[in-house]
Amino acid sequence: MLQVTDLDVFYGDAQALWGASVTVGSGEVVSIVGSNGAGKSTLVNAIMGILRPRRGRIVLDDQDVTETPGHRMCRAGVAIVPEGRRLFPSMSVEDNLDLGAFNRVARAHYEESLQWVHTLFPRLADRRSQLAGSLSGGEQQMLAIGRGLMARPRLLLMDEPSLGLAPVVVDEVFDVIETVRDEGVSVLLVEQNAQMALDVSSRAYLLAEGRVVMDGTAEELAKSREVRDSVLGL
Amino acid sequence: MTEAATVDARPVRRAARITPVSIFLWALRIAALAIILYGSYLSISSGRLSAAQWRDLFVFGISTGSVYALIALGYTMVYGVLRFINFAHGEVFMVGAMMAFYVANALATTTLWTSSPVVSLLIVLVAAMATSTSVAVIVERIAYRPLRGAPRLIPLITSIGASFTIQYLVRGLVGPSTKAFPRMEQLRGTTEILGVVILKSQVVVIVAALVMMAGLYLFVERTRTGKSMRAVSEDPETAALMGIDVDRTIVKVFAIGGAMAGVAGALWGLVFPSLNFFSGFLPGIKAFTSAVLGGIGNIVGAMLGGVSLGIFESVGPSLVLAGYEIPAFSQLKDVVAYAALVLVLIFRPTGILGERLAQERT
Ligand SMILES: Nc1ncnc2c1ncn2[C@@H]1O[C@H](COP(=O)(O)OP(=O)(O)O)[C@@H](O)[C@H]1O
Ligand SMILES: [Mg+2]
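Listed in order, the protein sequences are those of chains P and F. If you're matching positions, the first sequence starts at 593 in my numbering and goes up one per residue. If you're matching positions, the second sequence starts at 271 in my numbering and goes up one per residue.
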């Protein structure tokens, strides 16, 4: 459903991505692993239309979205759970979820989506009128994921959703990723926590210094020397 | 990037340390308070002004203050989404007042002006709003949008340029002479509300300003567009990812700020019926002061700041300066306005309601 071919991305004159190609199939969890500064966020942000690639193509189903700006991507069916969550801290939990469903397509399914998110994260229902900034780190991550799901995406991009969370909460996040996949949403998951990411993924890519240096099934990558050396730290 | 993380780690209140600076600040605060209180004591005990006169000053302060508040909304909302001070906003107010003058003058020659004053006033208000809104939106389009992403000092300087440009365009169009806003028979004299005698024109100004502010507040809090404005002012990049067209939202903010300034312009004509191309400058600066006083970026703060500033500068000279027998104290109201700003800021550096500035995004 997502086909990224030969992407070059620059920050000013500094190149951050060299010919990156990634595909995600329908209903599949694919992970991008790699150490800090490898270019994982750059890749996700380029797909989302926040960064404009200098070369390459991004195709979503049959639609070319290479030039589509960020605020149009959610209408095309892509949502993002950004790195560092990026909630609206002085707005309520409910307002944050509401903003997730801001686009016209999602708006039509608002009640349904809200029900779904509340079933996935019952704690968000309890805290609906609390300010997002007053939630615990784990709850904030749940809210960021919930906000992404409110857009009714066909493809969910998740940038390091387990970063800075307690182990119990990390487990919960990965459970949710599997649930979401089982309901038919494709997930492109960026993680430094490669072990857990590979456990929930069918396929994976290893990114190092802005290049895709390896790709294959999750098992292949989990066993490979490169992944062990560069991310698992074994 | 790590905004959520900084919120996560709640700001730890640093243990108050006693430093020479804090001692100095406290001495300053106590001295300021003492000067104000003693001056007030002197003027009140001198009995120079009757209770009714004090009340008139107060009501006058509220009516000018509510006009400042309306203008201040434009400064604070634009600051909220773009983090810069739009110094051309005083001129947006002035063009509204100018249009109000021309429409009122035209209407004053018809029978409508005397037979249906409410309809006439509404026509004047709508014309002023439409004019100010258009100017605000045009300025955003040609002067600020091309600078999106530039360092914030650049649109700030541009706004000063835009301010002069509008002043001299208006001067070119209507000439440098001072224009007298036509009087309305029905607004002459006073009326009694809850036992208080108030000038009718001030009643109109206060009521109209309150209605506009309440409307704006509900709009920002309750509507989808309002919510998108709040989202953009918290985090424009993330707002875009939610499907919000940030540029369009910014245009709407300028439009609403302009509409408020237009209403302010028409109301200004009712209180101070003389007007020229330079008339936007002082109210603009006062409204900017109000926005800072209330906490820049905060909508309710701008409303409170405006009304407070109006009251300070109306009551302050007679209350504090007259007590010390300062000559010509009533001409010092502009000085009092800035003294009030400095005073509030030494007690609350973020303004009355400003807390967000401390965690300002970069
Ligand atoms: N806004 C930016 N401006 C300039 N360089 C950047 C910016 N963001 C990231 N980079 C650089 O791009 C490279 C990849 O960064 P990033 O995609 O954030 O890595 P990752 O998400 O894998 O940790 C790094 O070398 C980083 O320094
Ligand atoms: Mg990253």
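Among these hints, one or two may not hold up.
Claimed, not checked - Stretch-level coverage of chain P by chain F, calculated; a stretch enters the list once three of its residues show a Cβ under 8 Å from a Cβ in chain F: (1) 616-629; (2) 656-664; (3) 691-697.
Calculated from the structure, these hints are not laboratory results. Glycine residues also receive a C-beta, built at the ideal position from the N, C-alpha and C atoms.
(message) I'd like to know which numbered hints this structure contradicts. Please list them from smallest to largest.
(response) Checked against the structure, the only hint that fails is number 1, while the rest are satisfied.
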